[in-house]
Structures are given as C-alpha cells and as structure tokens.
Amino acid sequence: MNASSEQRRSFNRRGFLGLTAAAAAAPLLAACGGGSASQGGGGGGAGGTVKFWDMPWATPAYNDAAKGIAEGFSGANGAKASYQIIQWNNFYQTFSSAIASKTGPAVSTGGGFQAFQFEQQGQIAYADKVIEKLKANGQFDDFLPGVLDPFKSDKGYVAVPWQLDMRVFWYRKSLFEKANVALPTDWPSLLEAGKALKKVGAFGFTTGAGAGNNYANHSMIMMMVNNGGGVWNKDGELDLMNDRNVEAMEFVLELVSNGIVDPAAVSYTTDNMSAQWKDGKAGYGLFQVNVPQRVGDTSGDLLVADPIKGPHGDKATIVFPNNIMMYTNTPSQEASEEFLVYYLGQLKQLWQKKLMSALPVFKSITEIPEFANDPNNVKIVKDWQPIAKTFAAQGSRLNANLAALDGGQALNQFSQTIITGKADAKTALQTFQSGLESVLKK
Amino acid sequence: MSSTTTESGFARARRGVAPGGSGTAHGNRKSKLSAQATRTFFWLLLPSVVLLVLIHGYPLIYAAIQATHDGDLLQTGNFVGGQNFATVLTSPAFWKAAQFTLWFTIVGVFGSWLVGLGLALLLRTRIPAGGTFKVLLLLPWVVPIVVSSTAWNWLVATPDSLIPSLFRNLGMGTPLFLADPSLASITVMVFKVWVSFPFMMMMISAALASVDTTVYEAASMDGASRWQQFTQITLPLIARSTYISWILMTIFCVNDFPTIYLLTGGGPVNATTSLVVLAYRTVFQDFATGPGVAIAFLMTMTLVVISVILYRQIRKSSVE
Chain W
1 MNASSEQRRS
11 FNRRGFLGLT
21 AAAAAAPLLA
31 ACGGGSASQG
41 GGGGGAGGTV
51 KFWDMPWATP
61 AYNDAAKGIA
71 EGFSGANGAK
81 ASYQIIQWNN
91 FYQTFSSAIA
101 SKTGPAVSTG
111 GGFQAFQFEQ
121 QGQIAYADKV
131 IEKLKANGQF
141 DDFLPGVLDP
151 FKSDKGYVAV
161 PWQLDMRVFW
171 YRKSLFEKAN
181 VALPTDWPSL
191 LEAGKALKKV
201 GAFGFTTGAG
211 AGNNYANHSM
221 IMMMVNNGGG
231 VWNKDGELDL
241 MNDRNVEAME
251 FVLELVSNGI
261 VDPAAVSYTT
271 DNMSAQWKDG
281 KAGYGLFQVN
291 VPQRVGDTSG
301 DLLVADPIKG
311 PHGDKATIVF
321 PNNIMMYTNT
331 PSQEASEEFL
341 VYYLGQLKQL
351 WQKKLMSALP
361 VFKSITEIPE
371 FANDPNNVKI
381 VKDWQPIAKT
391 FAAQGSRLNA
401 NLAALDGGQA
411 LNQFSQTIIT
421 GKADAKTALQ
431 TFQSGLESVL
441 KK
Chain A
1 MSSTTTESGF
11 ARARRGVAPG
21 GSGTAHGNRK
31 SKLSAQATRT
41 FFWLLLPSVV
51 LLVLIHGYPL
61 IYAAIQATHD
71 GDLLQTGNFV
81 GGQNFATVLT
91 SPAFWKAAQF
101 TLWFTIVGVF
111 GSWLVGLGLA
121 LLLRTRIPAG
131 GTFKVLLLLP
141 WVVPIVVSST
151 AWNWLVATPD
161 SLIPSLFRNL
171 GMGTPLFLAD
181 PSLASITVMV
191 FKVWVSFPFM
201 MMMISAALAS
211 VDTTVYEAAS
221 MDGASRWQQF
231 TQITLPLIAR
241 STYISWILMT
251 IFCVNDFPTI
261 YLLTGGGPVN
271 ATTSLVVLAY
281 RTVFQDFATG
291 PGVAIAFLMT
301 MTLVVISVIL
311 YRQIRKSSVE
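Chains W and A supply the protein sequences, listed in that same order. No gaps in the numbering here: position 364 of the first sequence is 364 in the working numbering, and each next residue is one more. No gaps in the numbering here: position 159 of the second sequence is 159 in the working numbering, and each next residue is one more.
Derived by calculation from the structure, the hints in this document are not laboratory data. Among the hints, erroneous ones may be present.
[As the list claims (entries may be wrong)] The list that follows gives simulated cross-link-like pairs (lysine-lysine, DSS-like), each with its CA atoms no further than 30 Å apart:
| no. | chain 1 | residue 1 | chain 2 | residue 2 |
| --- | --- | --- | --- | --- |
| 1 | W | Lys422 | A | Lys96 |
| 2 | A | Lys96 | W | Lys426 |
| 3 | W | Lys426 | W | Lys198 |
| 4 | W | Lys363 | W | Lys195 |
| 5 | W | Lys426 | W | Lys155 |
| 6 | W | Lys382 | W | Lys135 |
The structure displayed is predicted, hence computed values, not measured ones.
Construct the complete structure from the given sequences, taking the supplied hints into account.
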C-alpha cells in the first residue's frame, strides 16, 4: 500500500464519519428551522461561497475589519465569501480535522509553515494563477523585494504572503543615555553596551522563553543567522553544528555569564517581557514591530536600533512571512483565486486603520501616511527588511519541516538551555540537532 | 433476640424472605421475574451502551491505530507496530516527565487532602462567619484556571513581582520561582494544591456531615483523647470518601494540562514537563502523532492500575 492510497483510506474513514454525523444531525437542524446547505470550502450559488478562515492577528478590531473586507467580496458568477475566526489554540488540529472531514476553508491565513504541511498532504491549491493575475493588475511589482520567493516550490506557489512578522532590535533611549553608552553596531559593542546597561539596572539582551513565548527561540536563530549561520545549509539540509552557529551561541553564553540576559527570562511570557520593557528593565533586545503600542509606552523612548554586524561582517535578522493559502477543497477554484486577488487588493485598509502589528508586503502600503509617519516603521522597512531571512536560512525556500522547528520541543529546550547557561555551545547544539532529527520528516 | 438471630433476620430481609417463610416459591417467581427484568434492563441499557461504545470506543480504537502508525493528524501513515512505544520508553524525556508527574501527583493528592481535611475539620467547629469562609475557600476551585494561573504568574514571575520582592525585603534574596528548575517544580505543585484543596474540603465536609456526633460523645466518655478520636473514629468513618477523593484527584493530577502549561509551559528546560504536557507537545509542536499518542496510552494504563488498586481499598473499607 503506498502513501497516497493510505492517505485516501484515512480520508475515506473520516469522511464517512463526517457524513454519518451530518446525516444524523440533518433532521435536528431541519427541526430548528431554516438551515443552510454546507460543504467543504463553501457552497451556495453558482460561483459558490468561498469560506475564508482567519486568525486573530491583532485586536478584535482587526478581525472585524477583515470580516468586512471578506464579506464585501462579490465575484463573477455571483461568488461570495464567508469569514470565520480560528483561535490559535490547537489551530493545526482545527484545520486538520476540518480538512479531513471536508469541512475546511477554501482560503485561509494560518501558521507560518502550515501551507507547506498541507501541501505535503495534497490539500493545497497552488497559487500560480493568482500570481499571474497579480502580474496583470500590477500588484506583483508592488511586493517588497524577496518576499514571494520563499513560497515558490517545484510545483508552484504554495501560498501568497500578506504580512511580515519581523524581528528587530529595539532599545530604550533614556537607559542608553543614563548608562552613557553608544548603541551597539556589532557584537563587541553589544557586549559593552550590555555591561553598561547592567550598571544602571537594565538588561542588554532582553528575551523570554516562558509559556507560549518564542522570542528566545527567535533570538537564538537570529544570532546564528546574523553570523552567517542558521539551522539549515544552502541545500536545505540540517546543519546546526557549523562553526558560525557555535561561535554565535558562545557569544550568547558570554552575554549570559556577564549578567546581560535576565536570569528570570527563561520563564518570561510575552506579557512579562512587555512589562520589563515598560518598567525600564529592558534596555535592548529582539522584539516585533509596533513595540511601543504593544508595551503601552508611546513616549518616543522606545526606538528601533540599527542592525548589528557579526564578527565576520554578516548582517541579518529573521522574518516570518505570514501567508494566505488556497485549498483543493473549494466550491470553485476560480472563485478562490478571484477572492485571494481581491483580498490582497484590499489589505491597505488594515494598515490605514492602524490595526496591524506587522509589516505589509506591498511597497505602496509602506508609503501610506498612517504607516510612514512612524519613524520606527520606516527604519524597519529601510534597514531591516532588506537583510531579513526566513527560518529556512541559509536555505531559501520554506518547507513543512520548519513547522517542527518553530515552537517545537527541540528548539525550546535549546533556547532555555542557552539562556540559563546550563551547557556549553557545542553540547547544546548537539542536543538540539539530535532532538530535531528525531522529529523531522525524512 | 440473639445477635445471630438478628443477623440472620437482616440477611433474610435483604433476600426478601418473610419471617417464617422458606422463600422457595417466592424464589421461583423471582427467578422468572428476574429473567424478564434482565431482558428489559438489557434493552433499556442497549442505547446507552451503544452510545458509550461510540463515544469512547471509536477514539480509543483510532488512538490505538495512531499509536501504532507513523502518520500525523491527517494521514494514518505506515504500520510500525510497537516502535512508537519503544521510542517513548527509551526516551530520557519520557522518564523525566514520568518522574515529575509522580511527584506532582503525590504532592497534589496528599497536599490538597491534608489542607482540605484541616479546613473541613476547622469549619466543622463553630466559628464566626463560617459560611462566608466556606464560600471564600471555594474560590480557587471556582475561578477559571486561566485567571488563577495569570494571577500566580504576576505574583512570582519576575524578580520585581510581589512574592520575590517580599523575600528580598525580608533579606532572603530574590528567589526566581519560575526560572529555577527546583523552585519552578515546587511552585507548580503548590499551585496545584491551592487549586485543588477546595474539592477535597467539600468531599471531606460531606463525609464528616454524615458522622453521628454521639459517637464522639461516647468516645469522650470512654476517655478517648482528641487525637484518638481523630485517628480511631474520624479517619475510618471518612475512609470511603477519602479513597474516592484520592482516585479522583490522582486522575485530575495525572491529566492536568492547564495548571502546568499555563504557568511554566513545562519549563525551565523541561523541569515541569509532565506526561500530559509531553504528549501535547509531541503531537502538536513536534507533529509526531504516534509517539505522542503512545505516551497518552501509557498514561491511561497507569491510571487504570492506580484506580483499580484504590477501588479495592474502597471495597475493603466498606467491608470493614
């Protein structure tokens, strides 16, 4: 029995159960009055209703606005779109169950590498025709450089990016003034700045690895990439034990041993981290876009720092290109494509209303006053976006294995080991490599 | 009436035999009725049994399939036999999690039982505003775990949180309650006891309420001390409830995901990773469904064994 027949068998069993449940529930639903026909990916009129599932990317106001955009879709042949919020808790299970029972979405946002996981299982509709339409309407040329490339596989575009979750260094200006130290430009000056900040009661490498907090994970990978290393080599093979990674982790361990990393950071949730920034305990560290708004300090004291150089002259950070994907289970592939093109064309509204905590993927949105009036945003687009690499670095294409890396146990344990200084760099990397090898799909 | 006569009278009464009757004719009629009743009960129970099999049987069978295959949440994958179990049982992470689960359960069950017992005995005495205290003491059990874990996080997470500040001001250093592996384990267990003692208190209060106070008066008259009354009367009389509450709390502790996950996420460096957290992380973070479900299976088997042992204790205490 090959993999595809096994897969079909699995779907059939779940599909049968879904059908049985639906058949059993049908009289009850009918008795409740009204009722509506429903099928996976949508249903309804000639063009069908495209089911769009979206995540809570920001405050509830974001989802209200996104819902308005989705429900404003009116395609050829009377195609419409419905909108549903999917919570982050167990989102992969939610999507998997729905897709298996053919009740999943036709189009969705989701986890950064989700599209590649479902592509592996034959559930993703490639977006090449969407790209053609974007070329035709001029939006293709509007993409920021390099944001589309990671989504191109041998079979086609797996998804289309719509926002960039960038990791950049932030600093509190008043603490640097108090410590009378210059902003770091490279690793040695980061160490010196950290020592000076420590004297004024602040930390120079703010991070966190508590429940649900991935910033320590991102900080570790960022430092590797910033030194020309990374989890993978250029061919996409696991390559954790390279010299650049060892050097990067030895430097982080030096920061730890000098008290530049908060010893309690290993247990910090993102809220704890935000509190450290707000309370003036965090002087410098890796965080997301829109930190002042998140932290609740818009006094102008929290600013985006310059990228720093690694010891070999490398300059890089990491970015998570969040994307929109289409599924093979749809009432109409044309309607799905039409909806996606329409939705990408409406994204500007979300940044105009200042609802997003991420960078847009379109140059035109980076130029709107609501975005460009914030000097931090401008600096991120100008200085950080061009040097941003994905979790796939030093490889260039995203893939399903990255889902097991991002937020997986191996990386969590590694990051916690490093920021508590519990092991030397080589031992920690070796354990990380072994842990990752055991969960990666060959 | 002698005691023997009394006991046989109770036995006959339990069998439904009238005084002086042999019970034979009645027994025949009863066996006919019993056959009819059995059939009726069978048909009445059948829908529930079918429902239970569907609700519990299907997931169990599907989980068994997943535990013996190398697939994921969407695809069953290839049959690998007991390989997932072997992988899990030879993993140091599993045994570390098992060890933490054992301690977490022991402290959770007996810690909450001791606190619950103490408070139940205290509330049995006449204290002013006893009813208000009862309600207030129920709060840790009533408040959603997300709220209480957030509150505890803010109490202990950073060096400037309330409790570390208190320790610092008392000259006891600045303990990192969630960042130090040993302290994090203790904090999680204390949190579990805090969340669970109201349940134990309610169970024990209910058991104590059914104890006749004249037993204590008689014991006092016989010269029994307070301690003797507690160990020789109170504990044996509430033993049945105690064993039931231990079974339930053992299951609650072993299966407790939110208390640990929301407070520490299983860290630092896996110090507070229990088996259920490990199973969750294996399935939903590493996407390794087979090994994750295998962990859940092993947990279930262990729980069944513990429950059976404790259930036998209940029967034993009933007989005694």
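Agreement of Lys363/W and Lys195/W with the hint, judged by alpha carbon distance not exceeding 30 Å: violated (39 Å)
Straight-line alpha-carbon gap Lys426/W to Lys155/W, limit 30 Å: violated (38 Å)
Proposed proximity, Lys426/W with Lys96/A (alpha carbon, max 30 Å): Measuring from Cα to Cα gives roughly 23 Å; hence the hint holds.
Restraint check for Lys422/W with Lys96/A, where alpha carbons must lie at most 30 Å apart: holds (17 Å)
Straight-line alpha-carbon gap Lys426/W to Lys198/W, limit 30 Å: Given that 30 Å is the threshold and the Cα spacing comes to 27 Å, the pair holds.
Distance restraint between Lys382/W and Lys135/W, which requires alpha-carbon spacing of 30 Å or less: OK: Lys382/W and Lys135/W at ~24 Å, within 30 Å.
The structure shown violates the earlier hints numbered 4 and 5.
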